[in-house]
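Peer 1: Take a look at the letters that make up each chain.
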Amino acid sequence: MITATRHPELNAMFGFAERSLHSVRRYWVWEVVWLFYSMVSVLSIGFLASGLGTLGAAGGSFDLHRAQLYLLIGSLLWGYLSLVFMEAAFAIAWERWEGTIEYTFMAPIRRLTHLMGICLFAIGYGLVRTFVVLLVAIAMFNLDFSHANIGAALAVLGASTLPLIGLAIFTSVLPMVSPQKGEQMSFAVQGFLLLISGVYYPLTVLPLPLRLVGYASPLTYALDGIRKSLLDGAGLRAELPAIAILLGMGAVMIPGAVWVFSWAERRAKRLGLLKRSG
Amino acid sequence: MSTTAIEIQGVRKAFRRRERRAGAPWWRRDWKEKVALHELDLTVEAGGVTGILGPNGSGKSTLIRILATLLTPDSGRAMVFGWDVVAQPVDVRRHVNRVSVEASFFKELSPWENMLYAARLYGGGTSGTREQVSGILERLGLPLDTLDHPMKQLSRGQQQKVAIARSFLTAPSLLLMDEPTTGLDPRSKKEVQSMLEMLRAEREVTVLLCTHDMDEAAALCDRVLMMDNGRVLADGSAPELCREHGAATLEEVFMDLTGKTLEAEEEAEEVAT
Chain A
1 MITATRHPEL NAMFGFAERS LHSVRRYWVW EVVWLFYSMV SVLSIGFLAS GLGTLGAAGG
61 SFDLHRAQLY LLIGSLLWGY LSLVFMEAAF AIAWERWEGT IEYTFMAPIR RLTHLMGICL
121 FAIGYGLVRT FVVLLVAIAM FNLDFSHANI GAALAVLGAS TLPLIGLAIF TSVLPMVSPQ
181 KGEQMSFAVQ GFLLLISGVY YPLTVLPLPL RLVGYASPLT YALDGIRKSL LDGAGLRAEL
241 PAIAILLGMG AVMIPGAVWV FSWAERRAKR LGLLKRSG
Chain B
1 MSTTAIEIQG VRKAFRRRER RAGAPWWRRD WKEKVALHEL DLTVEAGGVT GILGPNGSGK
61 STLIRILATL LTPDSGRAMV FGWDVVAQPV DVRRHVNRVS VEASFFKELS PWENMLYAAR
121 LYGGGTSGTR EQVSGILERL GLPLDTLDHP MKQLSRGQQQ KVAIARSFLT APSLLLMDEP
181 TTGLDPRSKK EVQSMLEMLR AEREVTVLLC THDMDEAAAL CDRVLMMDNG RVLADGSAPE
241 LCREHGAATL EEVFMDLTGK TLEAEEEAEE VAT
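Quick note, the sequences are listed as chains A and B, same order.
For the first sequence, our numbering assigns the number 1 to the initial residue and increments by one for each residue that follows.
For the second sequence, our numbering assigns the number 1 to the initial residue and increments by one for each residue that follows.
Bear in mind the hints are in silico, worked out from the structure with no lab data behind them.
In this text, a Cβ means the ideal position worked out from N, Cα and C, and glycines have one as well.
Don't take every hint at face value.
Unchecked claim - Stretch-level coverage of chain A by chain B, calculated; a stretch enters the list once three of its residues show a Cβ under 8 Å from a Cβ in chain B: (1) 22 to 30; (2) 108 to 119; (3) 262 to 272.
To be verified - Across the chosen pairs, the derived CB separations fall in these ranges: (4) B:Arg12 x A:Trp263: 21 to 27 Å; (5) A:Leu120 x B:Pro143: 31 to 37 Å; (6) A:Phe145 x B:Pro143: 51 to 57 Å; (7) B:Ser155 x A:Leu247: 49 to 55 Å.
Could you build the full structure based on these sequences and the hints that come with them?
Peer 2: Structure (structure tokens):
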């Protein structure tokens, strides 16, 4: 019989993260492959910026170095953000594929604990992998962060964690709603966020309807705030509006996403979708 | 004084899906309903093994999944130790564990990593858990050197033993066993059955055992429910049922009730699928 711990919900939350960590250790070859893929993606964007010079973009008011940094920050952050919410989305799909979904959903824990455990790992894992890619990018492109305000950038990144958790939980609903197509739908959501969140370009280049949707994406404020701090050295005071918006979005999105997930779980139980074959 | 482990009142469950009728245009699909469980009333007192017998599609697994809080009944009420499976699922889950036909494990992780995950979900931690897991597995006759190998390297029989060990670890008051011996070789089947007997002898636990193995039910169950097409056709101990139907075996009781053999039912379903 199990010896009970003091904080069972926190313990269970850690259990989800620990399980994923064990899985990363067992699938280490695939982790190397994915890390390589992340590096290739970021480096390609870096070289794209370098290539703009040879295509005649340099000169005049165009600052090639700034453009390279702008794109690399976008690429790195996009790598991190997309990794976090795809990890969360795949957590449900993966359990269905492994055949453990019934066991996990039978556990005597709150659903919030389950989802937070998944997000806890996804954020930690995303940060570690992005940090490794960042080190490689710094080495390859001699990135200069001497004018950057790293502290303020980290504060924005920290604040962006809350709406990111909300987005991740929203995405994890998709494989619950549709066992067959949910995973692919997650890719569609990811692609749409890439389009509207100003990852590789400012929102001003988008047509008005897309621009308006872009303002509703928390990634827009995360990217904008982090760029201001890393490229222009914006301090914490200047970042306060972005941080406030991100925290406000998180305060709305997390409860909203948990509510939607609960709805999807009730629906899955009604329709009999909570099983390995869907 | 006896405690009621399971109380089910008028529980019904049907599954709906959209199907295209032959000759209908591709966009036109009608809802088709398949009743998995007709209005069911059932009370199971705490302790002992209750067997649910019936072919595939008889409603056994639907009943188990409702009690496991994985399915919501369309109507009626199901209670486990006084907790409502729909309104109080977390309270129900604290008392329940399930061993299903397919051992639900992360196949790439080791038995220990899977057990640790289960322990964490049920409020435990690393402290003393490895010793407990080793002890349980040793008693179940599983070599301890398998503890750190990936689950996928274990045979199906061994995986099922780990699944049972996992349910021992969480010490449930109600153990739902959904065809735990289906697909196992005779020796593994015997071992799993011995484990169930060992569990009964050692712990105050109520077991609901779904099976289509009539001999297994006769050997292990104090009470037997026979189901077909979502309805309970008979309820009693194996000797009682045999006596009532003038039959020598439960297989003959089933034939008397339904006019068909369980084996023929299984084969017909296999052909249909």
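Peer 1: So which of the earlier hints does this model not fit?
Peer 2: Per hint list: zero violations.
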